[in-house]
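Heads up: the protein sequence lines correspond to chains H and V, in order.
For the first sequence, my numbering gives the first residue as 27, with consecutive numbering after it.
For the second sequence, my numbering gives the first residue as -12, with consecutive numbering after it.
Hints in this document: simulated from the structure, not taken from any laboratory.
Please note: incorrect hints may appear among the correct ones.
Unchecked claim - DSBU-like, lysine-lysine: derived pairs with alpha carbons at most 35 Å apart:
hint, chain 1, residue 1, chain 2, residue 2
1, H, K185, V, K(-5)
2, H, K41, V, K14
3, H, K34, V, K99
4, H, K83, H, K160
5, H, K29, H, K128
6, H, K33, V, K(-5)
7, H, K48, H, K73
8, H, K41, H, K185
9, V, K106, V, K189
10, V, K186, H, K157
11, H, K186, V, K6
12, H, K102, V, K56
13, H, K34, H, K160
14, H, K128, V, K99
15, V, K106, H, K102
16, H, K183, V, K14
17, H, K83, H, K157
18, V, K(-6), V, K106
19, V, K100, V, K25
20, H, K33, V, K14
21, H, K77, V, K56
22, V, K189, H, K48
23, V, K186, H, K41
24, V, K100, H, K160
25, V, K14, H, K181
26, H, K160, H, K183
27, H, K73, V, K(-5)
28, H, K186, H, K157
As the list claims (entries may be wrong) - Not everything, but these chain H residues come out facing chain V in the computed CB check (under 10 Å):
hint, residue
29, T55
30, A92
31, Y100
32, D144
Unchecked claim - Partner residues aside, some chain V positions facing chain H, computed with beta carbon under 10 Å:
hint, residue
33, N(-8)
34, E2
35, K6
36, I12
37, W26
38, T94
39, E193
Note that beta-carbon positions come from the ideal geometry of N, C-alpha and C, so glycine has one too.
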Amino acid sequence: MQKELEKKFLNDFEKNQNIVHKVCRVYTTNQDQHNDLFQEITIQVWKNYSKFRGEAKFSTWMYRVALNTAISLYRKSIRSIKTQDFDDVSFKIKSIDYDDTKDQQLKALYTGIRGLSDIEKALIFLYLEDKPYKEIATTLGITEVNARVKMNRAKDKLKKSLNP
Amino acid sequence: MDLANYKKVWKDQPEERNKISSLDIYKMTQSRSNSIVKWIFMIGLVEFIFWFSINYFATKSGNFEPFAKLNLMTFLDYSNYLHYLIVLLFLLLFYRNFSSVSTIDDTKTLMKKILLVRKTVKWYVYYNLIGVVVFSIIINVLIFNTPNYLSILYDINPSSIDQGQMMTIIIITQIVMIALMLLVLWLFYYLLYGILLKKLNKNYSELTKLSEIEGI
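Chain H extracted, bound-state conformation (with noise of 0.2 Å):
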């Protein structure tokens, strides 16, 4: 029984963990806290893989789970302060069939959402992933009045940063 849940559980996550990576590189500023990060989600979207009854699409449970763990339970470690910062997100993602405006557009919009607050940051990744309000809302526990509204403040914030 379990086994057959990890095995569940490894299928799924691994499919779908590119949007762990998208949250990771959102949150951190460099390769050890990404990799920290990473650990905790993974550990966090295990621990309540037995509670996911399917009722939702899994990738949608993984964006909750993924924000939680970034919002509320992630501490920065003590060590990967010391390692250098890297401003480069595109380091280790491919470059193939990627022009580079492209690639400096995106590098752009990273250190923008990297000057957002937390919860402004979960917002804005939920309006580039294309997420609807009304689940936003309850991935924040917020209502949907409430997530337009510091919507239009976190784009807002932004648009400044991206346009000076």
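Given chain H, put chain V in place with the hints provided.
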């Protein structure tokens, strides 16, 4: 460039180059969590052990002869029973709080629960600190109300010293000791939880403020 265009840039971003294999994911699930909740739990546990052992050793190794002489043993026994009962209640609360924390809650609820966990630890500390103060006051009042307590406790002939002066010295020494202990503990918790929960408090107030705005 418009944000909608950036959305496209985001969508087109290449996938992570360092894909984690199933084996590595499995290894990660077997490793230990380093979450805030776990740290609060560890600190809570250390506090329990700390206060419990202080109480235990004080009861075990303390010389109770003076208290027996002053007929305070019944009071000591009952206050101990009461203390253990309260500790037990705290343990139950701790267990209930920790088991309710889950990352599948919405973010605001999750943060609220973590802060509640921290609050329980805080109340446990308050209980111990206030308990020490209240207990000391009661014991002192009982002792000072016993006639000839100096000769019973210290084998001193009451007529040979200034009783009022002796009483003042005893009280001042105790107040200074307790005040010092309170200060050290307060500093310790302030720094520890302050650092641990700074980010969480900030995020929680951001979400709470949002609800207040809507209420206007």
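Legend entry - Hints violated by the structure (listed by number, smallest first): The structure breaks hints 5, 12, 14, 16, 18, 21, 25, 29; every other hint is satisfied.
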